[in-house]
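A.B. asks: Residue numbers (the working numbering), protein chains in the order written: chain A, 1 to 330; chain B, 1 to 281; chain C, 1 to 265.
Hint data in this document are derived by calculation from the structure and do not stem from the laboratory. Note that this is a predicted model, so its numbers are computed, not measured. Careful, some of the hints might be misleading.
As the list claims (entries may be wrong) - Computed footprint of chain A on chain C; a stretch qualifies when at least three of its residues, placed anywhere within it, have a C-beta under 8 Å from a C-beta of chain A: (1) 134-142; (2) 244-254.
As the list claims (entries may be wrong) - Over 12 Å on every C-beta distance to chain A, these chain C residues come out as not near it, computed from the model: (3) Ala-2; (4) Arg-147; (5) Glu-225.
Said to hold, decoys possible - Here are the simulated distance ranges between beta carbons: (6) C/Arg-262 to B/Ala-45: 38 to 44 Å; (7) C/Pro-151 to A/Phe-11: 32 to 38 Å; (8) C/Ile-54 to B/Glu-244: 23 to 29 Å; (9) A/Phe-227 to C/Leu-255: 44 to 50 Å; (10) B/Val-264 to C/Gly-123: 40 to 46 Å; (11) A/Arg-291 to B/Arg-278: 21 to 27 Å; (12) B/Lys-106 to C/Leu-256: 41 to 47 Å; (13) C/Thr-254 to B/Ala-56: 51 to 57 Å; (14) A/Gln-107 to C/Gly-123: 53 to 59 Å.
Idealized CB from N, CA, C, for every residue including glycine.
Below, each chain spelled out in residue letters.
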Amino acid sequence: MIEARNISKSFGDFRALTEVSVSIEPGRLTALLGPSGGGKSTLLRVIAGLEVPDSGEVRVEGRDVTRVPARKRRIGFVFQHYAAFTHMTVWDNVAFGLKIARTPRDQARQRVTELLDLVHLDGLARRYPAELSGGQRQRMALARALATAPGVLLLDEPFGALDAKVRQELRGWLRRLHDDMHITTIFVTHDQEEAMEIADEIVVINHGQVEQAGPPDQLYDHPANEFVMGFLGPVTRLGGELVRPHDIDVSTGRHPAASEAIVERLVSLGFTTRLEATLADGQPVTVQLTRAQAAELDIGTGDIVFLRPPHPAGAAAGLVPASRPGSARP
Amino acid sequence: MADLPVSPLGLRAPAAPGYIRTGASRAAAGLGPGVALLYLSLMVALPVAALTSTAASSQFLTALTAPQTGAALALTVAEAVATAVIDAVTGVALAWVLVRDDFPGKRLVNALIDLPFALPTIVAGLVLLTLYGPGSPVQLNIAQTRAGILLALLFVTLPFVVRAVQPVLLAVDREAEEAAASLGAGPLTTFRRIVLPAILPATLSGAGLAFARALGEFGSVVLISGNLPFKTMMASVLIAGQVESGDTAGAAAVSVTLLAFALVVIAIVTGAARRLARRHG
Amino acid sequence: MARRLLRYGVLAYLAALLIVPVGMIAYRTFGHGLAPVVDALTSAGALHAAYMSILVCVLAVPLDVVFGVGAGILLARRRMPARWLVNSVIDLPFAMSPVVIGLALFILYGRGGWLGGWLAAHGIQVLFNWPGMVLATAFVCLPFVAREVVPVLEELGTEQEQAASVLGARPLQTLLRITLPAIRWALVYGVVLSAARALGEFGAVTIVSGNIVGQTQTLPLYVDEQFGNFNPTAAYSAGLLLAVIAILILLAMTLLTRKRAREHE
Numbered sequence: 001m002i003e004a005r006n007i008s009k010s011f012g013d014f015r016a017l018t019e020v021s022v023s024i025e026p027g028r029l030t031a032l033l034g035p036s037g038g039g040k041s042t043l044l045r046v047i048a049g050l051e052v053p054d055s056g057e058v059r060v061e062g063r064d065v066t067r068v069p070a071r072k073r074r075i076g077f078v079f080q081h082y083a084a085f086t087h088m089t090v091w092d093n094v095a096f097g098l099k100i101a102r103t104p105r106d107q108a109r110q111r112v113t114e115l116l117d118l119v120h121l122d123g124l125a126r127r128y129p130a131e132l133s134g135g136q137r138q139r140m141a142l143a144r145a146l147a148t149a150p151g152v153l154l155l156d157e158p159f160g161a162l163d164a165k166v167r168q169e170l171r172g173w174l175r176r177l178h179d180d181m182h183i184t185t186i187f188v189t190h191d192q193e194e195a196m197e198i199a200d201e202i203v204v205i206n207h208g209q210v211e212q213a214g215p216p217d218q219l220y221d222h223p224a225n226e227f228v229m230g231f232l233g234p235v236t237r238l239g240g241e242l243v244r245p246h247d248i249d250v251s252t253g254r255h256p257a258a259s260e261a262i263v264e265r266l267v268s269l270g271f272t273t274r275l276e277a278t279l280a281d282g283q284p285v286t287v288q289l290t291r292a293q294a295a296e297l298d299i300g301t302g303d304i305v306f307l308r309p310p311h312p313a314g315a316a317a318g319l320v321p322a323s324r325p326g327s328a329r330p
Numbered sequence: 001m002a003d004l005p006v007s008p009l010g011l012r013a014p015a016a017p018g019y020i021r022t023g024a025s026r027a028a029a030g031l032g033p034g035v036a037l038l039y040l041s042l043m044v045a046l047p048v049a050a051l052t053s054t055a056a057s058s059q060f061l062t063a064l065t066a067p068q069t070g071a072a073l074a075l076t077v078a079e080a081v082a083t084a085v086i087d088a089v090t091g092v093a094l095a096w097v098l099v100r101d102d103f104p105g106k107r108l109v110n111a112l113i114d115l116p117f118a119l120p121t122i123v124a125g126l127v128l129l130t131l132y133g134p135g136s137p138v139q140l141n142i143a144q145t146r147a148g149i150l151l152a153l154l155f156v157t158l159p160f161v162v163r164a165v166q167p168v169l170l171a172v173d174r175e176a177e178e179a180a181a182s183l184g185a186g187p188l189t190t191f192r193r194i195v196l197p198a199i200l201p202a203t204l205s206g207a208g209l210a211f212a213r214a215l216g217e218f219g220s221v222v223l224i225s226g227n228l229p230f231k232t233m234m235a236s237v238l239i240a241g242q243v244e245s246g247d248t249a250g251a252a253a254v255s256v257t258l259l260a261f262a263l264v265v266i267a268i269v270t271g272a273a274r275r276l277a278r279r280h281g
Numbered sequence: 001m002a003r004r005l006l007r008y009g010v011l012a013y014l015a016a017l018l019i020v021p022v023g024m025i026a027y028r029t030f031g032h033g034l035a036p037v038v039d040a041l042t043s044a045g046a047l048h049a050a051y052m053s054i055l056v057c058v059l060a061v062p063l064d065v066v067f068g069v070g071a072g073i074l075l076a077r078r079r080m081p082a083r084w085l086v087n088s089v090i091d092l093p094f095a096m097s098p099v100v101i102g103l104a105l106f107i108l109y110g111r112g113g114w115l116g117g118w119l120a121a122h123g124i125q126v127l128f129n130w131p132g133m134v135l136a137t138a139f140v141c142l143p144f145v146a147r148e149v150v151p152v153l154e155e156l157g158t159e160q161e162q163a164a165s166v167l168g169a170r171p172l173q174t175l176l177r178i179t180l181p182a183i184r185w186a187l188v189y190g191v192v193l194s195a196a197r198a199l200g201e202f203g204a205v206t207i208v209s210g211n212i213v214g215q216t217q218t219l220p221l222y223v224d225e226q227f228g229n230f231n232p233t234a235a236y237s238a239g240l241l242l243a244v245i246a247i248l249i250l251l252a253m254t255l256l257t258r259k260r261a262r263e264h265e
């Protein structure tokens, strides 16, 4: 169990973290999710020991490690821009931690071979980082971080610098790797889709504070506040409530709980159709329909439709009182 | 960590992360900057401070207004200005030929440009005297003349402008030049309107460095100039002479003046080059 | 054609200023055959001067390496205060006449100087002795290593060093295994430039050494003295030796530049 308690950290006038508390369960894959500059990378670096917090403490298995230097924390860290040792071959990069730990030669050799196999770089051991693609470099960085069998794996925007296709591949691959190894993993991302897809737990961080923590479904279905709701998926406003566009019920018949709207535009997006409408009070609203639903409604620009939020009782569109902040578990 | 567990996959993490609690070992990190700054001050700042203090505590103005000193300073500045101006022209021409022209042996010529930096200055003076000194095989004796000093200064400052302009010239957008040509501009107009604005900042900073170097140059001029007071006595040679005759205070006064002049000129030239570069984008 | 005119004009300028004079000294040196040259270079004065030159170079260049790498590591940390101060001090020797540098040390370590009196009382003779010559040379050559190394270190940043520390490396291990190897070419380049300058340093060493024949005389000082004593063969021989060393250094730098360029591809 990794705990960060009341962590604050400033850089000059900039407050990166304010009284942040997070607990990370062992063996889980946790995402620190939030917009750029929100403080999530700083939190990761505090956990790694690369930054010393101004106040607060980091505890691992109950022990205070706040002032233990990074090199003694037995962590694997993957940097956003790989931090490849440019003057070393792929092999020497991966073997670096083992050399520092004075691992016996054949043991080290066996381990590097296994790791390069694992990250599919076995044919490229003699290459230099400059001769690798971005995705290959990131996999090398991962193998390097795993070489010393760290207790925790920390990844700072691991796929941020890669193009969309490679990103998608590496995501699935990281999830499978984690399922094989069960190593406690924390990764930083600003991409909610990435967090939703592979994380067991998500900690949403904004303006240096934790907005909400919990499993992806819980955060999506029961966001603690509008920021979390908006950050985790598309939203639109209906009757003063923030709702998901696909949760809105559309009908052509009048209904007591429904708001009247005029259709401005229908945009076909393949499987889904986006309905853009204007409410009676002039507010725009967006609804997501399946193509079949759209066909069934048989509406066009200028038609009148009736829009109903998912919970007619007005249960605030899924907004529930904030789950205990600072806990990754509900 | 020496007994690393190597399972078939080799990657299973130990149940408890082996964090070790230690005292602060970060003391060393704070020591680095302190040591470097101390080193800096011992090596550089302290001698310069001592020089300035000596100059200030002596009769600074009396030392400077000695007629011989005034003449030497005036000659030095004039020679340095002439050097910088000639270097600016020849340096741009050399850089142009080395970047845009092609001829056999170009790479050798390019490498030779740096020779004045590698050659000891006293050897530079000696070398020039063998060709342009007494008994010159080309019947040209410029020893003990102001032209001789200029030649020596041009020799030792040759690389400054060339090496400053070359990379900029390489980066000049050839398409802009072609566009100018396609709009009817002749080669000279294209150079003046397209290339020159681009290389002007680099030329200026190169010439500024050449000026500073010429201002303080000693080794290459000491043999050639003959060191005739009021005629070919350069400031650096004057300072050396004053030290030799025990007039440390006078030498310090001339030195500080020379240094201040170099710093002011470098600051002005660097500022101008930066402003020009910004305007050019 | 204008292009040809420019090309030949420029080459003629180079020939008159640089190439022919340097060739001429070789011609003059061997004007009376090989024997006088060998005699001149193996004379006690020349040999001792060569020894002093090498000694000063070997001691001064490491001082500049320590400073250059230290300053580079400092400046590469973005949150470093007094950045501009470090930068200006690095460049200061470029703005100073070697004679002025010599004089500054002469005053500081002289009998009435801030440090000279104390050092003399403890039996340490800096002026007219090798320590002063080393200090003067190190001062003059100060910018060369720093100017080469600083931009490379700034570009390198600190991420690789952080990665090494996370992998368990102690600060010294990080320096030796990550930082220094990453800047090795810049370092070699800077060392070569410094060594060239150190071997040829004349003005600053003239002031602090006192030019004592057989004691504090380096090769450039020897050239000057022999020329003044109307012994041109000795002056030309030592001068040619220095010129040959300069050309070899130039060759080394050219090869280094090419190697560096290839590695950066």
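A.B. asks: The structure should be examined with respect to each hint, and the outcome stated for every one.
C.D. replies: Hint check results:
Given a C-beta distance limit of less than 8 Å, the hint that chain A covers the stretch 134-142 of chain C is violated, as 0 residues qualify and 3 are needed. Look at the stretch 244-254 of chain C against chain A: 0 of its residues bring a Cβ nearer than 8 Å to a Cβ of that chain, fewer than three, so the hint is violated. At the 12 Å boundary, the C-beta of C/Ala-2 stays outside the reach of chain A, the nearest C-beta of that chain being 43 Å off. Here C/Arg-147 stays apart from chain A, with its beta-carbon at least about 21 Å from theirs, past the 12 Å limit.
For C/Glu-225, the shortest C-beta to C-beta distance to chain A comes to about 47 Å, beyond the 12 Å cut-off, and the non-interface label holds. The hinted window of 38 to 44 Å between C/Arg-262 and B/Ala-45 holds, with their beta carbons roughly 40 Å apart. Distance hint check: the CB atoms of C/Pro-151 and A/Phe-11 are about 25 Å apart, inconsistent with the given range 32 to 38 Å. Taking 23 to 29 Å as the suggested C-beta distance range, the pair C/Ile-54 and B/Glu-244 conforms, at roughly 26 Å.
For A/Phe-227 and C/Leu-255, the Cβ-Cβ distance of about 60 Å falls outside the hinted range of 44 to 50 Å, so the restraint is violated. For B/Val-264 and C/Gly-123, the Cβ-Cβ distance of about 42 Å falls inside the hinted range of 40 to 46 Å, so the restraint holds. At roughly 56 Å, the beta carbons of A/Arg-291 and B/Arg-278 sit outside the given window of 21 to 27 Å. For the hinted restraint 41 to 47 Å between B/Lys-106 and C/Leu-256, the CB-CB distance of approximately 20 Å leaves it violated.
Under the hint 51 to 57 Å, the C-beta atoms of C/Thr-254 and B/Ala-56, about 46 Å apart, miss the expected range. For the pair A/Gln-107 and C/Gly-123, the supplied restraint of 53 to 59 Å holds, since their beta-carbon distance comes to about 57 Å.
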